[in-house]
Amino acid sequence: MEDTFHLALFHEDQLDQVAEAIAKLKKLGLRDKDMSVISGVPFSEKILGRPMAWTRVPYIALAGAGVGFLVALALNVGTVMQYPIRVGGMPYYPIPTSIVVTFELTMLGLLISTFLGVFIETISPSFGPKGYHPKITDGHIGILFDCPEKMDEKVHEALKALGAELIHRSEVPRS
Amino acid sequence: MKNPKALWQRPVFRIGIAVVFLIILGGAAGGIYFTQLPPEQPIQFPHNVHVGLGAQCLYCHPGAVSGPVAGLPSQSKCWGCHQQIKKQSPELEKLAGFVSRREPIPWVPVAIQPDFVHFNHAPHIAAGLNCESCHGNLAAMTVAEPQKGQNMGWCLNCHQKMAPENFTRLSDCSICHY
Amino acid sequence: MSQKISRRDFLKITGVSSAALAALTGCGPASRFVVRKPYPDMPEYNQTGASTYFATGCRECPAGCGLIVRTQEGRAIKVEGNPDFPVNYGKVCSRGLTAVQGLYNPDRVQGPLKQASRGSSSFEKIDWETAIPIITSALLKNEPSGVAFLMGLAPDHLYDLVAEITQTLGSPPPLRYSALGMFEGRTTLLQAVNNIFHKDSLPFFDLANADYVLSFGANFLETWLSPVRYSRAYGSLRQGIPGRRGYLVSFEPRQSLTSANADEWIPIKPGSEGLVIAALTKLVAEIKGIEGASDHSELDVAQVANTADISLKKLQEIAHAFASADHPLAIPGGQLASHANGLAATQAILALNGMVENLGKKGGLFLIPSTSVASNFSEIQALVSRMSRGEIKALFIHGVNPVFDLPSALGFQEALKNVSLVISFASFPDETALQSDYILPDHTPLESWGYQHVLAGADRPTYSASQPVVVPLYDTHATADVLLTALKESGKVPYQDEVDFLQQKLLPLLQRGGGFYTAPEILTFWSKWLQYGGWWTPTEGLEKPNGSSTPPAPAANVAELQEGQFFFVTYPTLFGDGSGANRPWLQETPDPMTTVMWNSWVEIHPDTARKLGVKDDDVVKISSPAGEIEASVYLYPAIRPDTVAIPFGQGHTALGRWAEGRGCNPLQVLNVQFNEAGDLAFGDTIVSVTPTGRSRKLARFESREGVYGSQH
Amino acid sequence: MAADAQSLTDMQIARYEEEEDPRQHLMFDPRPREEMNRMVLEAMQTTTPRYWITVGILGLLVALLLFGAWGNMILNGIGLAGVRPPIYWGIFIVTFVFWIGISHAGTFVSAILRVFKAEFRRPFTRAAELMTTFGLAAGALYPLIHLGRVWVFYWMMPYPNARWLWPNFRSALVWDFLAITTYLLSSTIYLYLPLIPDLAMARDRTEGWRHYFYMVLSLGWRGTEAEWLRLRKAIGIFAFAIIPVMFSVHTIVSWDFAATQVAGWSSTIFGPYFIVGAILSGVSAVITILFVLRSTMKNMKYFIRPEHFNALGKLVLVFSMSWAYFFFNEYLLHWYGGYKVVRDLLMHHATGPAAWIWYTMLICNVAIPWLTLWNKKIRSNPTAMFVITLLINVGMFAERYTIIPLTLGYQRFPFNWGQYTPRLTEISIVLGTFCLFIFLYMVVSRLIPLVPVWEVQEGQHAHTLRKVGKSEVPSVTELD
Amino acid sequence: MANTENTGKWGMVIDTDRCTGCMACVTACAMENNIPWTGEEEAGYGRGMHWIRVQRLWHGEYPEVKPEFTPTMCQQCGHAPCEPVCPVFATVHSEAEQINLQVYNRCVGTRYCGNNCPYTARTFNFFDHEFPTPMDFYLNPDVTVRRRGVMEKCTFCVQRIHKGQEKARAEGRPVKDGEIVPACAQACPADAIVFGDMSDSESQVSHIARSERRYQLLPELGTEPRVTYLKGGGYYGG
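Chains as they are written, first to last, in numbering that gives the first Met the number 0: chain V, 0 to 174; chain Y, 0 to 177; chain R, 0 to 711; chain H, 0 to 479; chain L, 0 to 237.
Worth flagging that the hints you see were computed from the coordinates, not collected in a lab. A few of these clues could be false.
Residues on chain R that point at chain H, a partial pick, calculated with CB under 8 Å [as the list claims (entries may be wrong)]:
#: 1; residue: E413
#: 2; residue: S702
#: 3; residue: E704
#: 4; residue: G705
#: 5; residue: V706
Each computed DSS-like pair below joins lysine-lysine, with the alpha-carbon atoms no more than 30 Å apart [what the hints assert, rightly or not]:
#: 6; chain 1: R; residue 1: K140; chain 2: R; residue 2: K416
#: 7; chain 1: Y; residue 1: K93; chain 2: R; residue 2: K36
#: 8; chain 1: V; residue 1: K23; chain 2: V; residue 2: K149
#: 9; chain 1: Y; residue 1: K147; chain 2: L; residue 2: K162
#: 10; chain 1: R; residue 1: K36; chain 2: L; residue 2: K162
#: 11; chain 1: R; residue 1: K527; chain 2: L; residue 2: K175
#: 12; chain 1: V; residue 1: K129; chain 2: V; residue 2: K149
#: 13; chain 1: V; residue 1: K129; chain 2: V; residue 2: K45
#: 14; chain 1: H; residue 1: K339; chain 2: L; residue 2: K230
#: 15; chain 1: V; residue 1: K25; chain 2: H; residue 2: K232
#: 16; chain 1: R; residue 1: K491; chain 2: R; residue 2: K113
#: 17; chain 1: H; residue 1: K116; chain 2: V; residue 2: K45
#: 18; chain 1: V; residue 1: K32; chain 2: H; residue 2: K339
#: 19; chain 1: L; residue 1: K166; chain 2: R; residue 2: K527
#: 20; chain 1: V; residue 1: K45; chain 2: H; residue 2: K232
The model shown is predicted, which means the values in this text are computed figures rather than measured ones. Think of the CB as a built atom: it goes at the ideal place given N, C-alpha and C, for glycine as much as any other residue.
Only chain V is shown next, with the shape it has when bound in the complex:
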């Protein structure tokens, strides 16, 4: 597999060509999961005609918010149950003050878990084609794809025709 890995780099203003290239690759029989677009600027999938990518970050965030809420509840109610202390003639379970704590902790849970979601998803293994070139962060758009060796020629030709700069894995500097 490794040998059959390809990266087609396009210049940042060759957006149309990128879309075209993707379409062409598909036509050539590559499936969506064999391809991956890497870019220095976010482009929505629609622009490039790619399927929607998929992330669990919002769900993790929601779950985190839930945890935060529960922690807040536990602190508001549980700690008072452990050692009830009367202050300022207030009831043991004052609702207004617990709202403040609940809000803060829920938000804390939400925000931290959002980050954790990003982090976990980043470090968890992904199955798309691997590869990278520093030119990406120079605004280049790259199409990474796996293709059977026999198709190499054809694909390369097609991409070159669209103005892509083709880079083989071995040329990618190891980081």
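The hints should help you fit chains Y, R, H and L onto chain V, whose structure is shown.
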């Protein structure tokens, strides 16, 4: 990139971290261990012998019934018995020395509360608590040993189990802190 | 005495330092293990962790209140009032409360000292074996007339002992002086009572039951005679009797705490008090229709009102109210006695009481049934002149600090130089002690035995008993013991030691009976005496004064002020005779009227200050022919604009870390002039005030804004 | 060569402005990404020894002024500060509120403007977010500094202890603690998330330790679709969620005061009043910092242009007006309400011995912005804006000073009225945190790309000039 | 949990008509409660540690000028503003004694309670105050010596309350009226301060507290103070 190994991959770094960690851990463990040791007493008083012979705690620590401090026996009290019970031992020699010099015996109290805690023996005795409940089994100790974990949670553990009509009073901060 | 020794032995002090250390660590992490030393022998009444209470007598001022001192593990913890004691009934003043700070003052003299040369502050420690022969030879080898004792005002056992000793030796009787006595005009009051009622005792004013009270400069809520007693009475005057609230009118140029609590404060012109009393007497006589006040008949009341700066209407109103009150009472105070006509004015007050027929009646004037003796100021002056002539060979000073307490114009300190031997019994290195050859420190009151004959505040014959509540902290000796030991060889005194002396002195009480307890013999009596903290009768026992001599009308005594001159008022504060200045908590207790702490101030009326161009905290110089002092200004709205006032008590140059170098001593500007009774007429001092351009912030407890001005 | 590029940019922009060329706006003045990357990295890496000496001196000052004085205060007691009853809170809390206020700008500029798609935000969001984080870091020190017993500060944290005691969740200080923790964590994350692609950019263009540093921080960023999606989602969640957090933080800080019995504090309007004040001071601080960055860092004149000062200046004016509205509201109603204590208090603010602080507040917060910021010329002049915004922050400091010690000093009992003078220790610590802020900013400005290049490029992609009739009209395309 | 029988409890009445302003209460409090002195500079800066202060405000203009003395200490509010603001429960309400407690060792020193006390009744240990030996000998062992960074205030002499209750319980009887007195009331020469059990309607203190001269400090705040004041007898100034 010039050095193939990152800082945290070098042995020196890892050993350094381990040493620092060990020092901290060792310090903490040692600190805990050494403060839990019974202190050096002027006389190795054998509680076990006295309790074994049937001496009542309150005979030597009479303040416990009536006030905050149980009190340490004066040497006249020790000597009152030991003049009669003439058993020579190096510890008794020391006692005799203190008595002849009319010097107070510099006992080191073991069960002491911090200064911001006002503990009173009397109500605890009045509530029917035994000395052993807090001070441990003195029949098994020579010099008194500190009991572990006697912190506020430990106090409250007991206080919160008391009768509900007393609960308000017993869980009140002012009962110990003023 | 064996009993004495054993009792003292009981109060072992061992273990104190560690216990105190434990107390000190306070909130912080307590050291895990603290060494505690239990008693070798436990005193039977002592229990670790439990308090023991001792009854004793307060000796902070001559009033002689009864105290209960809480002790624990041999330490005196807290001073409380003795609830049964018929002077203070369980109450104490700030002064008495800080007695423990005197006892535990780190600046105490810790043993007998010999000073290399006077004023050098270089001391050599000596022991009592060396010290006592010095006293022996001073007492016996000198001409009896060359031996003088100067003592405090307290009517205590030591005075009785010294009086006996001087009598035996043929020396002049001990002189007694206290700045407090000067401020309350005690000699003048005694003299006036003697002149009118022919008794040598102090009057007792039944303030509690009076309903219309005139006070002429009597600061009975602060230091006058028996402040705690009179404060209690004041409480009763206000709310003691349901449905009745006594009315108090105070005549004073500067509003004292007493005047502040009065319903009316009349800022009378200093020196015009006598005239006002005469005018009141005339008016009251007119209202009551009493003949025979002929002496006053020529008095022009309107003229008097004008001189004294009171409205005539007010004066008439007061006279009316006074004459028609059920229980009128007029009280003569120290400010009244402090003028050249002080004696006449005081007498006139006593006579005024007689005129409204309140003598010996509820809410009226009584006499204390015991004899009071006080040295008047001219006697002190005589002593000073004898000293400067070198006639005094040995001077013993106890319980008074004359270098500080006497007006410097009197020249005591200079005269001291001509005395060959000066021995101070002070517990603290005070100004006088530093001018003496030897300091042979007495115990502080809480460490010592004694009694005090209550001569001012009790409504019955009362003695207070002092006993040591703690073992003496340092190598100090009771002065009575020192004197007795010194004279033991000579056989001139029939007493073994101090306790023996006390017990023998108590024998008359035991034999006379009538106390609230009786005892078959002295030892039982002694134990009850100590237990109750004294002896007194169960029922009131005041004397009804009688005497109808009409005193002469007081002469006018109002000085004319030049431009830039002011009447000068000085008054005692919480520090009493000034010896309280080394108590940090007395220093930190705010002055009631000004809330100033830790320093001296000059009270100036805001209008006057504006004219002088000074504001709060500006330092001004107060000068009189006698001297000059400096202090920061406190704008005091309750003082006559032509008067300035400085409190007395600060300005120490010695007496320990908390007293030294704070404020100024107003006695340095007092002129030495006397009233008819021989008391110092300090109220007649005229001063001038000059701004120095400097400023020094006073430590005020109150805000610098808002407390007056915007709060009308 | 580099200097040439800079001055060229300057001159160019000036010319654009004169000609009202749309290219005066960064979004219509695109440059190749490569060049922008180079410019940003150059700005980061060109430092002179003088710069590091300054950083060193600042570090020393932080150690000395802040930690030295603080340590000394811990050893001797909080009494070294000038606080005294009844003014228990002094300049520490003033500076605390000040920093928390400053920290609002980052989130405001970046989250709210992001939500509302205000495009001018793009080049300086990072600078503002950095300010948030460091402002919070400096501010969060104060609740610790002002503690009487800082060594037991952890008792305020919710953790189970042997005593079964938890913090008191009814105390505004615990809310404060929670809110500031939340805000500090979330704003740091919010700073970090959009930074990842730029870190990757830096990773690809650096050598040595910097490469390592960026490699670790960029979390292996490649820029795949999934990564971008995650980032966009996360940023989206953050942009929406951090706004209420931001509002809550300063509301809660205001509740430290409002949820009390103190006359002059106990007011329901304090929450929004503080928020508006915070944003006013925060946005002003952003301008101040942008000016400094623009004039000290290389190539920044390209990214930060007069148009940004202009836009932010409008915001400042708006918030100055809102602040004045709240202030007037507060003043009028208390004055009208007739509670004598508060009226006395207001009198003291305006006529008391510290009245100059009150007037400073009004002049700096109202008079100066109102008199100047209506003018576009002034708004677009970075130097003028620098001075004005600096003054506004002086004014906001004065506002907090008026609200805290000056209000505490005149409470219900005239017997206790008093004044408060900051003492040396306090002033030293306050200056120390200013040094700390500058120190951190200076260090980090050389460590992370201060301009979010990818965001700028994204914006430039979306902005085009469309020919409508005879003129070219700027138009924006929604790319996401 | 809440013991309804105990809602009354300790109260104090201060008769400002009797009060002479003599400051005995201030000193008595200091001597009982181990209150340190702070020295001229600190005390002058307003950092004196007095738990009770006598507020002196002038009324009227010379010559009809008269000060009003109001001894002010912690009012032991039922709805204490200081309590809920403490983040660590260092100042809490005692349900048993119905007073306001300060737990010194729990205090972290935010001084929030000090700000929020409308009576300015709290004092703060800005420094460690020394009791130079042997001055420390008189320290009351029943009262914690506070260290720096800790807030403190009048406790109604809770150590005396506990001692009294302990004594009564040991003797198997209820606490007698007047048996427990705080140091200020004990010392007050004019008997202006009366202390006792407010829940006992027969006690001296509740008797006096029903006087028609009664008033409270800052009643508009709804703090339910446990200290009642009695008005003075009227001023001639107006």
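Outcome of the hint check:
1. Nearest Cβ of chain H to the Cβ of E413(R): about 46 Å, over the 8 Å cut. The hint is violated.
2. The interface hint given for S702(R) holds, since its Cβ lies 4 Å from the closest Cβ of chain H, which is under the 8 Å cut-off.
3. Because the closest C-beta pair between E704(R) and chain H is about 6 Å apart, less than 8 Å, the hint holds.
4. The beta carbon of G705(R) comes within 3 Å of a beta carbon in chain H, closer than 8 Å, and the hint placing it at the interface holds.
5. Taking 8 Å as the C-beta contact cut-off toward chain H, the hint placing V706(R) at the interface holds, the least distance being around 6 Å.
6. Proximity of K140(R) to K416(R) is assessed by CA-CA distance (about 20 Å); at most 30 Å being required, the pair is judged to hold.
7. At most 30 Å may separate the alpha-carbon atoms for a hinted pair to count; K93(Y) and K36(R) meet this at roughly 15 Å.
8. Using a Cα cut-off of 30 Å, the hinted pair K23(V) and K149(V) holds, with the two alpha carbons roughly 17 Å apart.
9. Taking the CA atoms of K147(Y) and K162(L), the gap is about 29 Å. The hint holds against a cut of 30 Å.
10. For the suggested pair K36(R) and K162(L), the alpha carbons sit about 25 Å apart, so the restraint of at most 30 Å is met.
11. Taking the CA atoms of K527(R) and K175(L), the gap is near 27 Å; set against the 30 Å cutoff, the hint holds.
12. This hinted pair checks out: K129(V) and K149(V) have alpha carbons roughly 20 Å apart, not beyond 30 Å.
13. A C-alpha spacing of about 22 Å is found between K129(V) and K45(V), which places the hinted pair at or below 30 Å, so the restraint holds.
14. Between K339(H) and K230(L), the direct Cα distance comes to roughly 21 Å. Compliance with the 30 Å bound is thereby established for this hinted pair.
15. Between K25(V) and K232(H), the direct Cα distance comes to roughly 27 Å. Compliance with the 30 Å bound is thereby established for this hinted pair.
16. Between K491(R) and K113(R), the direct Cα distance comes to roughly 27 Å. Compliance with the 30 Å bound is thereby established for this hinted pair.
17. Restraint check: the Cα-Cα separation between K116(H) and K45(V) comes to about 20 Å, which is no more than 30 Å; the hinted pair holds.
18. Distance check on the hinted pair: K32(V) and K339(H) sit about 75 Å apart at the alpha-carbon level, beyond 30 Å; violated.
19. Of the pairs offered as hints, the one joining K166(L) and K527(R) holds, with about 25 Å between alpha carbons and a cut-off of 30 Å not exceeded.
20. Taken as a hint, the K45(V) and K232(H) pair is honoured in the structure, with Cα atoms around 16 Å apart against an allowance of 30 Å.
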